[in-house]
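> Sequence:
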Amino acid sequence: MSGIFDDLDLSAFWDEHEFYAREYTDDPLTPDKIAFVERTLGYKLPAAYVELMGRRNGGAPVARCHRTAVPTSWAPDHVAMTAFLSIGADKPYSLCGALGSRFMMEEWGYPPIGVYFADCPSAGHDMLCFDYRACGPHGEPRVVHVDQERDYAVTEVAANFEAFVRGLQPDEAFDEA
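Each residue of the sequence shown is one higher than the one before, starting from 1 at the first, in my numbering.
Calculated directly from the structure, the hints in this document are not laboratory data.
Don't take each hint at face value.
As the list claims (entries may be wrong) - Ranges of calculated distance between the beta carbons of each label pair, as one might list FRET restraints:
#, residue 1, residue 2, range
1, G124, R166, 21 to 31 Å
2, E149, P31, 30 to 40 Å
3, D175, E107, 29 to 39 Å
4, E18, A134, 35 to 45 Å
5, F103, P28, 17 to 27 Å
6, P121, P31, 11 to 21 Å
7, A123, D6, 14 to 24 Å
8, P71, E18, 26 to 36 Å
9, A12, G42, 29 to 39 Å
10, E107, D7, 32 to 42 Å
11, A123, F174, 28 to 38 Å
12, Q169, F19, 18 to 28 Å
13, G124, P71, 19 to 29 Å
Where a beta carbon is used, it is the ideal one built from N, C-alpha and C, also for glycine.
Based on the sequences and whatever the hints tell you, model everything.
Next comes the structure, spelled out in structure tokens:
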């Protein structure tokens, strides 16, 4: 059976810095861990996210920027992410961890539109989220950027997680001439 990302070279996908391993990368996925997180958050996680986290459960990609059609508080043409939250509850930056999806909604006031799966370099002032409003809790969510600095403005970034990963670009792609 082939995987969603089999055609991508994931050997150079991840940033190997120790900080990301310590704070974001959790133990390998198990069916029980996935079921626990989905039950706790009330949403079925996208298959592409589960597959990628099955290869490394949380961490920072080398290419961390994604083009947007409209300006954000980060840049006029893209958003930047720090790292993917792992599927689990043990690491601070895991979906159900101390700084996970529920924390962002309950403590920071982010809108309850889905699952916050990646943080951004602004230290909590913007996040990437699986937006389930159009598809329901068991559908295929779009990826959105939620911007606390702009009254929690929601900007579509990608139609789904697979498209998001395939659209990631390095910082240098957006360097100003």
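> P71 and E18, beta-carbon distance inside 26 to 36 Å?
About 34 Å separates the Cβ atoms of P71 and E18, which means 26 to 36 Å holds.
> With respect to the beta-carbon atoms only, verify the hint that E149 and P31 lie 30 to 40 Å apart.
holds, 38 Å
> At the C-beta level, are E18 and A134 separated by a distance inside 35 to 45 Å?
holds, 39 Å
> Between the beta carbons of Q169 and F19, is the distance compatible with 18 to 28 Å?
Because 22 Å falls inside the window, the suggested range holds.
> Go ahead and decide if the range 29 to 39 Å is satisfied by the Cβ distance of A12 to G42.
Check passed, 35 Å falls within 29 to 39 Å.
> Could you check the hint for me, namely that E107 and D7 are 32 to 42 Å apart, CB to CB?
holds, 39 Å
> Within 29 to 39 Å or not, the Cβ separation of D175 and E107?
About 35 Å separates the Cβ atoms of D175 and E107, which means 29 to 39 Å holds.
> Falls inside 14 to 24 Å, the C-beta gap from A123 to D6?
About 35 Å separates the Cβ atoms of A123 and D6, which means 14 to 24 Å is violated.
> Taking the beta carbons of P121 and P31, is their distance inside 11 to 21 Å?
violated, 33 Å
> Given the hint of 17 to 27 Å, is the C-beta distance from F103 to P28 inside that range or not?
holds, 24 Å
> Should the hint that G124 and P71 are 19 to 29 Å apart at their CB atoms be regarded as holding?
holds, 20 Å
> Quick one: are A123 and F174 within 28 to 38 Å, going by C-beta?
Roughly 20 Å apart at Cβ, these two residues miss the hinted range, so it is violated.
The structure shown violates the earlier hints numbered 6, 7, 11.
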